[in-house]
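Q: Sequence:
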Amino acid sequence: MTHAFDCTVRRALARDTMLGLAHDAEQAMIIVRKDDRIAGLLDNEQELLQTAVERYLAQSTTCRQWPTGEVDHDWSFRSSGNANAASILRFCDYLGEPLPSTPAIEELYEAALAELRPTDGPMRDPSAEVTITYRLVRSLRAAGRAAEALALSATLDREFFNGSGAETRAGDVDFETGACLLELGQARQVHSALGELTQTYWESTEARHYSTRHRHGFILALADQATDHTQGAVTRMAQALEHLVEYRVADTRHDVYELSLTLTLAELSALSADGNERAVVLAERALGIAERVRGRWGVISRARTPLSTAFRRVYGDVALLASRLRGPGAAEIGLRVCLAAKQTGLAVQMRAEASLLPTQLQGLVDEVLRAEQIKPLDPSADADAIRRQRDEQKQRLAELHRRIEKRVNPILAELTLPTPTNLTALLRAIGDRHALDFAALPDTLAKEANWFRTLTTPDGGVFFEPFDPGDELVRYVDGRRGRNPGDEVDLHLGAPDWHRLGVDILPGELRRRLAAAVDKPLELVVSAHRELCLLPWAALVVDATGTRLVSRAVLTQTPVLTCLSDSPPPPVSGPALVRLVSRAEQGASIEQERLAWGLGKTKDGRVPLSRRTLDGQTLDLHHSPRISAALRTRTDYGLIHITAHGGGHGLEQHLKLPEEIDTAGRLSAGYALALHWPESTLMVSCQVGAVTNAEDTEPVGLVVAVLTGGGRCVAAAIEEVANLPTGRMAARLVELIRRPEVRLDHALRLAQLSFIHEPVANWALFNAYVR
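Once you know that position 72 of the sequence shown is 72 in the numbering used here, the rest is easy, because the numbers rise by one and skip nothing.
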């Protein structure tokens with residue numbers, strides 16, 4: 001095999017195995033959710049998997065006392081317990097995330113089969129025997145024991161399947177036989193083992209109508225590919241897909257079959273000379289199927305769970321394929337799949353941290369989670385019943401999404417109930433801005449994630465490509481993460497090569513456009529991911545002469561591009577709420593900001609919560625000293641400016657405000673979610689602008705809470721900042737936003753340009769976030 005062919009075949013086999021194991025594990029968990037009251041209350045998938053295994057292992061030892069002479073009727077219960085535990089354990093192990101105290105998986109399958117094979121009578125359940133034996137073969141191969149799996153599959157002649165009620169499993173076992181030969185490096189023997197000996201069976205008997213006949217064609221196509229017959233592989237694979245579509249039955253396995261087959265055919269088509277357009281169509285179809293399966297399984301794409309990991313790998317495969325295809329259609333698929341992989345399921349995280357939420361939001365989160373639950377159908381349910389259930393759930397979710405969007409905020413609706421990306425609507429929302437989206441996704445084969453970036457332009461262009469973020473980013477991020485809390489602020493941030501970072505991270509097309517933006521800066525919105533969230537984007541150098549990105553662009557960030565639901569933020573308007581926590585209150589250096597607002601102070605140096613118009617005409621104290629009280633109901637405030645110490649992560653990220661008695665002197669992100677925030681917010685605090693958009697962690701924090709609560713633009717620092725320089729820049733910001741018709745993001749840029757010749761940490765650590 002050549003490397004390219006070997007990689008294509010290996011990827012197809014690994015993905016098919018992963019999806020098949022995921023399906024069986026999910027089916028086993030459905031039973032537990034349905035029958036176990038405690039398991040039904042678990043939101044954490046890892047806990048549910050562990051609970052399910054423990055329940056099935058307990059079930060596998062069931063032995064009630066039957067009257068003398070009575071047959072033991074618990075054999076089926078014990079057999080399914082062993083088999084279901086084995087299916088969950090094998091899936092987790094295959095994903096590299098084994099559950100604690102894992103028993104010997106193949107021994108569980110053997111124990112399940114032993115319950116079906118009494119020593120003094122006939123086979124108790126031939127259908128279960130066939131299914132469990134197939135799973136044992138697949139488990140052996142998945143564990144790297146292909147020779148043992150091949151030997152077992154060789155013992156299963158057609159008589160083994162006949163009359164069992166599970167005759168269609170013959171296609172699955174044929175697939176395993178061929179897969180074992182491929183993994184053993186015996187690709188040329190696949191056709192002799194399957195093609196010649198079983199051709200008559202699949203073409204001249206009733207088996208030609210079995211939905212799983214496609215599995216036979218699938219593995220023969222992979223053998224064609226492995227022996228350098230790409231066109232033959234494409235033809236055979238296309239025939240297999242046509243057969244699946246024509247003869248599929250109302251079994252959830254067939255969605256997984258179709259996803260595996262469609263994506264593999266797309267990858268093979270991309271290798272053929274004239275297959276680009278076909279591959280684009282198939283890749284889009286595969287993405288749609290993946291979204292359908294993910295929705296039915298209730299999988300949150302970014303979560304620390306095996307099912308989520310499986311879907312991220314599928315998304316990574318689609319992104320890799322899209323990056324190798326040509327044309328705008330392929331670029332749009334690349335963007336769509338990266339957005340799907342980064343979509344949030346914030347409701348689950350909010351439920352897990354419910355104690356940090358106000359009461360009114362806890363009820364909303366519970367309602368979202370109930371709406372997302374799919375009630376298990378009877379195994380005999382037909383295709384119409386499954387379709388009706390899907391349609392009913394989609395209708396419930398759509399109605400709830402509209403209600404949250406109307407009553408709370410579009411961003412909360414999108415974060416808690418993400419919908420498939422509508423690229424037309426997204427490009428309309430981006431409008432005259434340029435937008436950069438980044439995603440780091442694992443694929444089925446690679447241990448390390450692959451990086452992708454998408455540039456969208458005001459003329460509707462979409463540019464999608466893989467890229468290497470480079471060693472300079474690794475060194476920079478390692479340096480930032482390696483600091484100790486309380487260390488003195490490094491004014492030069494480790495002195496990285498800012499030009500090298502700019503070249504590595506920014507697309508060439510964008511750098512060309514920035515070079516031309518001398519007189520009028522570009523509007524650029526960025527959705528970062530993983531390590532890129534730690535980067536002070538304003539400091540990047542875009543050309544050999546040392547031009548900073550902030551000199552050529554009005555730079556804004558957004559937690560997830562799909563949350564960009566509106567036009568650019570409006571100009572700052574008043575009245576303003578101002579709260580500056582002084583050093584006397586264990587706060588920051590606020591003197592310059594106080595003077596910029598023309599505020600007085602109390603005898604002890606405090607600057608309490610004050611109302612201020614932008615033109616300086618009025619000045620008085622708010623009737624309540626607490627921000628949480630001032631923002632509890634909708635107001636006419638257009639701006640809030642808070643200077644205080646900050647810290648924490650996720651829903652616990654907070655501002656230290658001594659007067660917030662109800663929240664122990666802190667205003668947390670969890671509490672802030674229930675407040676009504678003005679359109680513009682300036683938070684002069686350490687860390688609270690750090691929106692960590694990690695692969696398996698939701699981008700939750702104070703910034704997201706403010707945007708969720710009605711904010712349109714938030715300016716905040718992404719890490720620790722020095723008091724005096726930060727106070728100077730904040731004061732400059734205040735001077736700028738008090739001018740007529742100035743946007744907060746524009747003001748931040750102008751303030752940064754005022755100090756651009758100072759050390760980078762004095763100005764570049766503030767980001768402007770928009771929704």
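Treat the hints as calculated values from the structure; they're not laboratory data. Note that beta-carbon positions come from the ideal geometry of N, C-alpha and C, so glycine has one too. There's no promise every hint is true.
Between beta-carbon pairs, the in silico distance windows are [said to hold, decoys possible]:
no. : residue 1 : residue 2 : range
1   : R145      : R324      : 29 to 37 Å
2   : R483      : A114      : 53 to 61 Å
3   : E465      : D490      : 45 to 53 Å
4   : D615      : K394      : 45 to 53 Å
Q: All hints, please: hold or fail.
A: Here is what the structure says about each hint:
{"no.": "1", "hint": "R145 - R324: 29 to 37 Å", "result": "holds (33 Å)"}
{"no.": "2", "hint": "R483 - A114: 53 to 61 Å", "result": "holds (58 Å)"}
{"no.": "3", "hint": "E465 - D490: 45 to 53 Å", "result": "violated (33 Å)"}
{"no.": "4", "hint": "D615 - K394: 45 to 53 Å", "result": "holds (50 Å)"}
Hint compliance for this structure: hint 3 alone is broken.
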